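K.L.:
Respectively, the protein sequence lines represent chains A and B.
Using my numbering, the first residue of the first sequence is number 1, and each one after it goes up by one.
Using my numbering, the first residue of the second sequence is number 1, and each one after it goes up by one.
Everything hinted at is true.
List of simulated lysine to aspartate or glutamate pairs, EDC-like, C-alpha gap at most 16 Å:
(1) A/LYS310 <-> A/GLU115
(2) A/LYS223 <-> A/GLU236
(3) A/LYS148 <-> B/ASP85
(4) B/LYS92 <-> A/ASP94
(5) A/LYS290 <-> A/GLU63
(6) A/LYS452 <-> A/ASP441
(7) A/LYS397 <-> A/ASP384
(8) B/LYS92 <-> A/ASP143
(9) A/LYS139 <-> A/ASP197
Computed list of chain B residues with no C-beta within reach of chain A, every gap over 10 Å:
(10) ILE19
(11) ASN32
(12) GLY36
Have a look at the derived ranges for each label pair, beta carbon to beta carbon:
(13) A/GLN144 <-> B/ILE38: 44 to 50 Å
(14) A/PHE216 <-> B/THR58: 40 to 46 Å
(15) A/ARG313 <-> B/SER82: 55 to 61 Å
(16) A/PRO284 <-> B/VAL93: 24 to 30 Å
(17) A/PRO373 <-> B/THR58: 54 to 60 Å
Since the hints were derived computationally from the structure, they do not count as laboratory data.
Treat the numbers as computed from the prediction; the structure is a model and nothing was measured.
Each residue gets a CB set at the ideal place from its N, CA and C atoms; glycine is no exception.
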Amino acid sequence: MSYTIDGKTGPWELVIGLEVHAQVISRAKLFSGAATVFGGAPNSQVSFIDAAFPGMLPVINRECVAQAVRTGLGLNAEIHLESRFDRKNYFYADLPAGYQISQYQHPIVGRGVIEIELADGEVRQIGITRLHLEQDAGKSLHDQHPTKSYIDLNRAGVALMEIVSEPDLRSPEEAGAYLRKLRTVLRYLGTCDGNMDEGSMRADVNVSVRKSGEPFRTRCEVKNVNSVRFVMQAIEAEARRQIAVWEEGGTVLQETRLFEPARGITRSMRNKEDAHDYRYFPDPDLLPLKLDPAWVEALRADLPELPDAKKQRFMAEYGLPAYDAGVLVAEQASADYFEAVARGREGRFAANWVIGDLFAALNRTGRTIETSPVAPGALGELLDLVADGTINGRIAKDVFEDMVESGEAPAEIVARKNLRQVTDTGAIESAVASVLAANADKVAEYKSGKEKLFGFFVGQVMKAMAGKGNPALVNDVLRRHLA
Amino acid sequence: MSLDPATVRRIAHLARIHIEADDIPRWQAELNGILGWIEQLAALDVAGVPPLTGVAETALPMREDVVTDGGMPEKILANAPSRADSYFVVPKVVE
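Assemble the whole structure, with the sequences as input and the hints as a guide.
P.N.:
This is the structure we're talking about:
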């Protein structure tokens, strides 16, 4: 079922395209040898090139080019063996040269495709229009002084990939799924850390609305939205605004807007109309970028297993349902953790423990999979204790909580707390006998047909045995006594 | 093609160059002269000729991904008209 927003005149469809700026992972900048590390002292990671001192010439960083190619390959996109750099001219205090070196007509990567999966399991192919390399700008701090802005050029000249989607997205949910999937792919490839909080991934959102069956109407661009949640909120807010404009007999004007999360609205940036006259021209300091096909193939051969392929493999190799496989591959570290637990064990059992108990414990303790208090080997040992009947599944949950707290090995916890499963039928028989004797009224009800009470008896027996009874044996003995 | 006075003013504004109203006719004449030369070039038939991107047929030189520069905020800020600590300071620019 397609997503629409109801206006006074009926339902409206949304048309959405995203431009994502992804900061390239590299040691040095795109055209200079200054460092890219986040959080350095102001202006300490700036070369004369980044600060646009006269006479300085840019020299491209080979690794940044490789990262763009890897990303293109990971997005199933055409790699252009020849691309060019252009100057995009505008004035802003954090752009010392007065132009950004970018790629306009001849980007390094052309058409590609990314597959997204929605909550209802529907899979959609979203077109990638292009990916190009460009320089990031410096950073302006506006909150340090009442009438001044402070400028730090550490970020100026860091390599960015601008990844432009086709207007293929039709709902906030799809836009969110696209961003998350793109982030996952970039993180797998190691080409961008996808950290939206630190601004290493930022999105511009193009939104228009239309009645079913119509061609596209005028779109607006909402600039610099910095979280998946805000992207989804901004799309809905902007679509509702446009619907109101059209329904009041007005016309939506093509313009750039800003999203204000606190008020849940977008507002016009009120730029002068010539702000977008970038007067692109080829950068005379840079020759065309020509790639050796053999080099591109070598990069392709070195790509890691990507999330879609890994998901299919987890389903085939470990018998996981699509949903579980999707959750595990969303982060490479989670997928690696799962594989370390699942190797040589029952895959679905391992997946349930990782997705359920482990993820819950990480949330509770504020840890990540990388800093997990329980190593995959230890979780595997716990699963082995359940599989070989040393402890039952209920006790395993307690042992796991103890592992999170104490960091002890599961076998030690079982020994220390005397949690071994009781499989001695004599002990089970006597627990069953005393529970039945103490609940003669319930036994009578059960025998007169209230069979739901069976669960009550199991619970009581387990309680009497401090949770350590073998559940299958307890069931057998109870059934025999109640027959 | 010929530039009108409004376009001349707009080009100057985009380049953040201040020009006096009295000077506009002079700039208009000079820019139109340049456009005239470009139009002469445009008369050539270059269909099927690949764009010439340089006179030396060399490939774009590349650098390895090594930090070799930076760590000199004093030199970077040496020409700053205004600074605070190690920041450049400019009139407030915010949307």
